[in-house]
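S.K.: Sequence:
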Amino acid sequence: ITVVSGLVEGGLCEEQDCDVMVGDSISSVSVLQTNKSKDGAAGLQDTTTEVTAMTECLGYDATVEAISSLPPPPSSGQEQILKLTMKRIRRKPLIAINLQYPPSQKEPDTKIQLYAGENLRLAMLVRGIKLNDPLA
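FYI, the numbering for the sequence shown is 16 to 151, going by the numbering used here.
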């Protein structure tokens, strides 16, 4: 995976206030070329072509090779836009839970960590925690 490790000071991202952050992953790079041509009686006609290089899950060398396979900068009469598609990788939050047993069970309190949204009952069963539950 090619991940952004830093931004150049005074670079394009600072000037245009784009939302690229350290840790973002480059998913694809596209080139949009607009050709302006005169079409006789019809007048002006614009045609847009898009060439995309998929870079998701590629290493650094393969990403550079994919980007270099894109068309070169245009000649006059053409407009070119470079489009980066980024994905933001974020960690799932961990939650710490303190389990307290009823005094009748005479078990010490325990702490477990779960991922946010994980099923609590199933997580307790998997970790071998004794439940006061006839179905367990």
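If you are wondering where the hints come from, they were derived from the structure by calculation, not from laboratory data.
The beta-carbon is built from N, C-alpha and C at its ideal position, and this holds for glycine as well.
Some hints could be false.
In silico EDC-like links for lysine to aspartate or glutamate, alpha-carbon gap of 16 angstroms or less [what the hints assert, rightly or not]: (1) Lys102 to Asp76; (2) Lys98 to Glu122; (3) Lys51 to Asp34; (4) Lys98 to Glu24; (5) Lys126 to Glu94; (6) Lys102 to Glu29; (7) Lys102 to Glu24; (8) Lys51 to Glu94; (9) Lys51 to Asp61; (10) Lys98 to Glu65; (11) Lys107 to Glu133; (12) Lys98 to Asp76.
Label-pair restraints from in silico Cβ distances [said to hold, decoys possible]: (13) Pro117 to Glu29: 54 to 60 angstroms; (14) Lys126 to Leu97: 47 to 53 angstroms; (15) Glu30 to Lys102: 47 to 53 angstroms; (16) Arg105 to Asn50: 35 to 41 angstroms; (17) Met36 to Arg136: 34 to 40 angstroms; (18) Glu71 to Asn134: 29 to 35 angstroms; (19) Ile110 to Asp34: 55 to 61 angstroms; (20) Val37 to Ile144: 19 to 25 angstroms; (21) Val37 to Cys72: 16 to 22 angstroms; (22) Ile110 to Val23: 23 to 29 angstroms.
S.K.: Cβ-Cβ distance between Ile110 and Val23: within 23 to 29 angstroms?
M.R.: violated, 38 angstroms
S.K.: For the pair we were handed, Lys51 and Asp61, check the Cα-Cα distance against 16 angstroms.
M.R.: With Cα atoms ~5 angstroms apart, Lys51 and Asp61 stay inside 16 angstroms; holds.
S.K.: Is it true that the CA of Lys98 sits at most 16 angstroms from the CA of Glu122?
M.R.: This hinted pair is violated, its Cα atoms lying about 59 angstroms apart.
S.K.: Take the C-beta atom of Ile110 and the C-beta atom of Asp34, compute their distance, and say whether it sits inside 55 to 61 angstroms.
M.R.: The hinted range 55 to 61 angstroms is violated for Ile110 and Asp34, with Cβ atoms some 28 angstroms apart.
S.K.: Measure nothing beyond the straight line between the CA atoms of Lys98 and Glu65; if it is 16 angstroms or shorter, mark the hint as holding.
M.R.: Holds, at about 10 angstroms.
S.K.: Given the proposed pairing of Lys102 with Asp76, does the C-alpha separation stay at or below 16 angstroms?
M.R.: violated, 19 angstroms
S.K.: Given the hint that Lys102 pairs with Glu29, test it: the Cα-Cα distance must not exceed 16 angstroms.
M.R.: Roughly 19 angstroms separates the two Cα atoms, so the pair is violated.
S.K.: Would you check the hint for Lys51 and Asp34, treating anything up to 16 angstroms between C-alpha atoms as holding?
M.R.: Distance of about 31 angstroms is beyond 16 angstroms: violated.
S.K.: Does the Cβ-Cβ separation between Val37 and Cys72 fall within 16 to 22 angstroms?
M.R.: holds, 19 angstroms
S.K.: Evaluate the given range 47 to 53 angstroms for the C-beta pair formed by Lys126 and Leu97.
M.R.: Once the Cβ atoms are compared, 50 angstroms apart, the range 47 to 53 angstroms for Leu97 and Lys126 holds.
S.K.: Given the hinted pair Lys102 and Glu24, is their alpha-carbon gap at most 16 angstroms?
M.R.: violated, 22 angstroms
S.K.: Measure nothing beyond the straight line between the CA atoms of Lys107 and Glu133; if it is 16 angstroms or shorter, mark the hint as holding.
M.R.: holds, 11 angstroms
This entry does not satisfy hints 1, 2, 3, 4, 5, 6, 7, 12, 15, 19, 20 and 22, going by the numbered hints stated previously.
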